[in-house]
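Each chain is listed here by its residues.
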Amino acid sequence: MTDTTRDGLEPAAATTTHGLVGRVQRSDWWRSMFRHPQLDTPRGRALQSFSNFFLHIYPVKVPARVLRLRYSFRLGFIAAVLFGILTVTGVYLMFVYTPSPSAAYGDMQHLKTSVGFGQLIRNVHRWSAHLMVLVIALHMVRVFYAGAYKKPREFNWVIGVVLLLVTLAFSFTGYLLPWDQLSYWAVTVGTNLVHYVPVLGGTLQDLLIGGDQIGPSTLLRFYALHVAVLPALLTVVLAVHIWRVRKDGFAVRRPNVGAFEEAATTTATSAPAGAPPDLYGGRSRLLGVVDRESVTAEDRAVDDTVFTWPHLVARHVVVALGVAALVLGLGVAFAAPLRGLANPNVTPEPSKAPWYFSGLQELLSHFDPLVAGILVPMGIVLVLVVLPYIDRNPATEARNRKVAVLVFTGLVVAAVVLTIVGTLFRGPGWKFVAPWTHLYLEL
Amino acid sequence: MTQDRRQFLVNGWKVGGALLIGAAGYTAYEALRPLAGGAGGGELSAGSVDDFAGDSATYFPEGRLYVVKAKGDLLALSQKCPHLGCQVPFCESSGRFECPCHGSIFDIGGEYITGPSPRGMDRYPITVKGGAVVVDTGSLEAGPDRGARKYFSKPKGPSCIEGG
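Protein sequence lines, in the order shown, are assigned to chains A and B.
For reference, each letter of the first sequence is one residue, going 23 to 465 in this note's numbering.
For reference, each letter of the second sequence is one residue, going 19 to 182 in this note's numbering.
Incorrect hints may appear among the rest.
[What the hints assert, rightly or not] Computed far set for chain B versus chain A, every beta-carbon distance over 10 Å:
no., residue
1, A36
2, A41
3, A42
4, S66
5, T76
6, D91
7, P107
8, F170
[Stated by the list, open to error] Covered stretches of chain A (in silico footprint by chain B; criterion: 3 or more residues with CB under 8 Å from a CB of chain B, positions within the stretch not fixed):
no., segment
9, 202-215
10, 231-241
11, 368-380
FYI, nobody ran anything at the bench for these hints, they're computed from the structure.
Note that the structure is predicted; figures quoted are calculated from it, not measured.
Beta carbons: idealized from backbone N, C-alpha and C, even for Gly.
Whole structure, please, built from the sequences with the hints as guidance.
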């Protein structure tokens, strides 16, 4: 089917470029950079993947279904692209920005008035940051419903939870940097939550903001975290995450492809009665009931993989370009907000946390801060971390894991509702205000 | 205790690693902890006793506090909401402190009336020396418990928080 048309290449397809280009490509110094000629044969493509540092992030071949958009919606990849965009725009911003209360706000204005494309860079940075949080949340939801956190991928799910927390820390530290009323009071509310941690709360808050209120030392340490500590952390953890995607094996329904998985001896016992045997990694697919097309295709290779280069890489390039176009469009259309200079003596009405924390803020208006600000979020993180170890059900289809799907869906719905109410339906004094009468939304 | 040379070296690496982590952690703590004397701490002169009329709140931005006169008592109230640290403005129309962040409301004496705040507004010790009011901003005292009703009174007029 797909693989034969995609990768059934004739050796004659090998390129033999003539003229100057060909001579250059055959020269010693060219071959010192690119070890292998771009032979358009299966062997040539494999050699390119093996010998290219950037392509070696990918496996040489992937199962054909990985190419389908529906397989993953490319959410993890999109998050990685956004991280790349954030790194590039963030470095641009670092050339202009000074992390001190006397200078930071002025630098924000310079970006707008004096630096060519400065405001656009800031807009793209901001919208990419919001999108990254959103995409990572969707990625996690997608992975849950696919059951892709199950053995042998338990630990990669845990790494993913760490990446989510690092991303939130990124977003929260970056939120303070413009040093306007919006950032100042959102971070004031956010950091005061830490105070409710039992026993260590006061010390933790001191270490986080470096004083009894948000001030110069807070700005400096948030900056250092934002541009040095968190980028290094995210890069390393993300590398492990991507590496494990390969090592734990692609494609959810083949549990025995993981490098750490024992041989497929448990197939017969672990499969529920009536389930198609091939879904559980059996080697008996040709013995099952097959339709005519499958019979006629019987003599083709069992291998259903395709070359990553170019099939998956080309799709990723298209997605990356689409993401770049989207955030650029958002940056052109919508300016990142900048309120008045931060004033520690005037709290604006209303004071909202960033949208991904506004669900928490909504919860805080109903419950004790210790419960809503500390126990609930820590409980959620804890449940997420241990989820793959307590959910031992190997099934990945929704009908065979009703409890897990129902509980998780309930949590997701609750989080979405709280976030929407907190973001859109709250006005001064945290009073209920319908968004169609007045919208108190700032991103 | 017997251990061969190989085991001794392995343990040495472990101890060294633990010391290194401890040193890195302590250095991070030293770099991040607040520097002494960074905030407040001094005595704030708030003027003459006669400046404070019955049931009023006067704002002192340099001390981030209010000096109020409530039912004859002089109190120095921190502007920082005990809930999540927002600045609590005094609402002239209702004669109460109303926090715009999450809707906590306090009476003229800083006692809790409603909202998510866990207690009343925090206080600084206040002394009167020869007719001059002095606030010690160095020692903050936790506000009264939620049940306190010493200075409670009906709101004078409409609330400053929209719809409240």
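Now the hints, each set against the structure:
{"no.": "1", "hint": "A36", "verdict": "holds (21 Å)"}
{"no.": "2", "hint": "A41", "verdict": "holds (17 Å)"}
{"no.": "3", "hint": "A42", "verdict": "holds (13 Å)"}
{"no.": "4", "hint": "S66", "verdict": "holds (24 Å)"}
{"no.": "5", "hint": "T76", "verdict": "holds (14 Å)"}
{"no.": "6", "hint": "D91", "verdict": "holds (25 Å)"}
{"no.": "7", "hint": "P107", "verdict": "violated (7 Å)"}
{"no.": "8", "hint": "F170", "verdict": "holds (20 Å)"}
{"no.": "9", "hint": "202-215", "verdict": "holds (count 6)"}
{"no.": "10", "hint": "231-241", "verdict": "holds (count 6)"}
{"no.": "11", "hint": "368-380", "verdict": "holds (count 6)"}
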